[in-house]
Amino acid sequence: MARIRSIKPDFFFDEELAEFPHLARLFFIGLWNQADRRGRLEDRPGRLKAQILPYEEADAHQMLCSLHPKFVVRYEVDNKKYLWIRKFEEHQRPHHTEAESIIPAWNGSLPVISPLKQREDPPVLK
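Here the sequence shown is numbered in the UniProt record's numbering, starting from 1 and rising by one per residue.
Calculated directly from the structure, the hints in this document are not laboratory data. Any given hint could be a false lead.
[Stated by the list, open to error] Taking lysine-lysine pairs in the DSS-like style, the calculated list, with each CA pair at most 30 Å apart, reads: (1) Lys81 with Lys49; (2) Lys80 with Lys49; (3) Lys49 with Lys70; (4) Lys81 with Lys8; (5) Lys49 with Lys87; (6) Lys70 with Lys87; (7) Lys70 with Lys80; (8) Lys87 with Lys8; (9) Lys70 with Lys81.
Model the full assembly from the supplied sequences, consistent with the hints where possible.
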């Protein structure tokens with residue numbers, strides 16, 4: 001479920017993030033809206049693309065790979081893939097009624113999904 005989040009003015013002055021294409025920066029902001037109160041969400045590139053950039057031609061998998069590991073961490077627990085947005089809790093103030101996260105936390109020792117791991121593209125329907 002999408003949630004209301006804040007964008008601090010400093011976001012626009014992040015020199016490392018400025019190196020990314022504008023669509024990747026917009027996608028990164030959109031991840032905040034999809035994340036739970038701890039900055040965690042399911043790592044489902046196709047679904048995230050549909051939720052965040054429904055009208056754009058964009059490769060969500062590639063954007064997630066480029067954001068990993070500096071801005072997001074891609075990890076796996078019990079064969080389920082997740083994302084954790086670094087510094088999320090430092091910058092966001094979730095509403096006090098927002099439910100606690102049910103997604104397992106990345107503790108630094110869980111296997112991280114390799115950003116170089118190629119996905120299998122579904123056939124393109126025309």
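Those earlier numbered hints the structure runs against, lowest number first: Those not satisfied: there are none.
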